[in-house]
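Note that the protein sequences, when read in sequence, are chains D and Y.
Residues in the first sequence are numbered from -14 upward in steps of one, following this note's numbering.
Residues in the second sequence are numbered from 4 upward in steps of one, following this note's numbering.
These are calculated hints, taken from the structure and not from any lab test.
Possibly wrong hints are sitting among the right ones.
Keeping only pairs whose Cα atoms sit at most 20 Å apart, straight-line, the calculated EDC-like set for lysine to aspartate or glutamate is [claimed, not checked]:
#, chain 1, residue 1, chain 2, residue 2
1, Y, Lys134, Y, Asp117
2, D, Lys151, Y, Asp96
3, Y, Lys34, Y, Asp19
4, Y, Lys78, D, Glu76
5, D, Lys151, Y, Glu101
6, Y, Lys82, D, Asp175
7, Y, Lys82, D, Asp118
8, Y, Lys78, D, Asp167
Far from chain D by the CB rule (all over 12 Å, computed), these chain Y residues [stated by the list, open to error]:
#, residue
9, Gly90
10, Asp96
11, Arg229
12, Pro231
13, Val233
Owing to the predicted nature of the structure, the values given are computational and were not obtained by experimental measurement.
The beta carbon of each residue, even a glycine, is placed where N, CA and C say it ideally should be.
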Amino acid sequence: MDLLLSPQLLFSALVLGSLYALIGVGLNFVYGTIRLLNIAHGDLVMIGAYAAFGLFTALGLSPMFGLPLIAGITAMIGAGLYFGLFKRQLENTTSVEQLEANSLLLFFGVSVILQNTMALLFTTSPRAYQHLDYVISIGGLDMTLSRLLALVVSLTIVFAISMFLKFSIYGLGISAIIQNRDAAKIVGIDVGRVQLGSFILGFGVAGIAGALVSLTEQISPFMGFPFTIAAFVVIILGGLGNISGGIIAGILLGFIEIYSVALTSATYRSILIYGVFVAAIMLRPQGLFGKAQT
Amino acid sequence: MTALLEINDLGTGYGDVKVLHGVSIALEKGKVTAVLGANGAGKTTLFRTIAGLLPCMSGRVRFQGEDIGVLASHKRVEKGVVLVPEGRLVFPDLTVAENLRLGAINVRARAHSDDTLKTVMALFPRLEERKSQYAGTLSGGEQQMLALGRGLMAMPRVLLLDEPTLGLAPGIAKQIFSTIPELLDFGLSILIAEQDVRSTLKIADYGYVLENGLVGITGDGESLVRSPLVAQAFLGH
Ligand SMILES: Nc1ncnc2c1ncn2[C@@H]1O[C@H](COP(=O)(O)OP(=O)(O)OP(=O)(O)O)[C@@H](O)[C@H]1O
Ligand SMILES: [Mg+2]
């Protein structure tokens, strides 16, 4: 019982949960809004992590200052994939099912390529770097500055994104496309441009999340897949395209993971996330907070 | 005099199924032009093609002399060709105000959206009362007003009205019909498809009858009302 009440555990759960929320928001742009099953999402998180690692070890640039650059790198990958692989698909495919099936296969390829390229370039051995690891103690709670920053930055970004989507005309445009694509076109929304924007934002956010993850744990070319699964859990729990639902779901998942691992053992970590994933799909396919999409 | 909107020998369909086989229609500025036709004649197909939701497989769509048949939908809206679609297609999970805001998303309209909004609210006071209600919870008549309002927010030069009174109670249908001539005061021109042929021909300056994907009879509103063929086909006598 003492263990469960420990502020240390609470803090860890918040850090992980906020990262999951951020990763989920990124996937929501690509899956929630355009219905492309981006199973390479976690690999973009991995690219962001390596970009942060590279900038820090090669140039001494702190990931905190490197964030715009890192986001730019993954966003460019997103834009490249949009023009290279998905633009035509999106223009010519009318059924969501077909789009999901095709995109799953395409992103599977992207995932394999990204993982193996990074393994070739940086070997498969895990990497880590020491940065901002001063300990700040408040009461009984010891926090490394890097984790505290990861928490604050990811929460700030998810909050900013949810406000942006709620109040900007761009956010309204995204909702409009989800609700009725034809109606979106005839009111004058440039559907292609909004989709490109979603790719750029979704991939950019994945890169940022990766940089933050690299501050908190070891990185490796194959670190992405568990994050992909976590992101899908977050989206399914939170509701497709439902950003605020996703934020709550992300934090919830962080808590479930940290507390269950604390109660059992770290070896169950992956099984646990898959368990939540399966449970979410079986029990609430329409999400805890979202309503069913028609 | 050249027409504002000119459809020339337009052919289109769904995949291999051809629905329109060479339709020609001209729309004069400041006028109401009606497209009549039985269920399945191809009216909606024609309107969706003009709006760019369906490809223009053969023939031309010209607006102010420019071929717009190849442009994406949003570019046509930008030019001022705006569809108020059959079935209304409002965004159900957005509020009335948000639906209207999206109506003015094109660059030309966005700059004037505050003024246009006032005009639209004056035209449909019901929308003002319900501006923070979700569009999906509006009544059919209110949704139609919203669809019209959303269309007007785009500052159309040509408004394409596809069955604006479909499924509405007679009283509300009448109300919608009475606002259509008022819309001309905004300097726009209207192409309308309607089931209610009698009311439509009363407000229409000119009409075309579609039959099996071709233009059958054409004429001004008066002459179509008096045409025995139209009377037989639509007016039930
Ligand atoms: N999505 C579609 N796929 C295949 N055929 C279609 C599709 N939509 C319409 N059609 C066919 O095209 C023809 C014309 O339909 P359209 O909706 O244009 O008629 P309409 O004149 O608008 O009829 P109504 O008065 O009932 O609205 C019909 O035969 C219809 O079955
Ligand atoms: Mg129709």
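Hints, one by one, checked against the model:
no., hint, in the structure
1, Y:Lys134 / Y:Asp117, "holds (14 Å)"
2, D:Lys151 / Y:Asp96, "holds (13 Å)"
3, Y:Lys34 / Y:Asp19, "violated (35 Å)"
4, Y:Lys78 / D:Glu76, "holds (16 Å)"
5, D:Lys151 / Y:Glu101, "holds (11 Å)"
6, Y:Lys82 / D:Asp175, "holds (14 Å)"
7, Y:Lys82 / D:Asp118, "violated (57 Å)"
8, Y:Lys78 / D:Asp167, "holds (14 Å)"
9, Gly90, "violated (10 Å)"
10, Asp96, "violated (6 Å)"
11, Arg229, "holds (35 Å)"
12, Pro231, "holds (37 Å)"
13, Val233, "holds (30 Å)"
The structure is inconsistent with the numbered hints 3, 7, 9, 10, although it conforms to all the rest.
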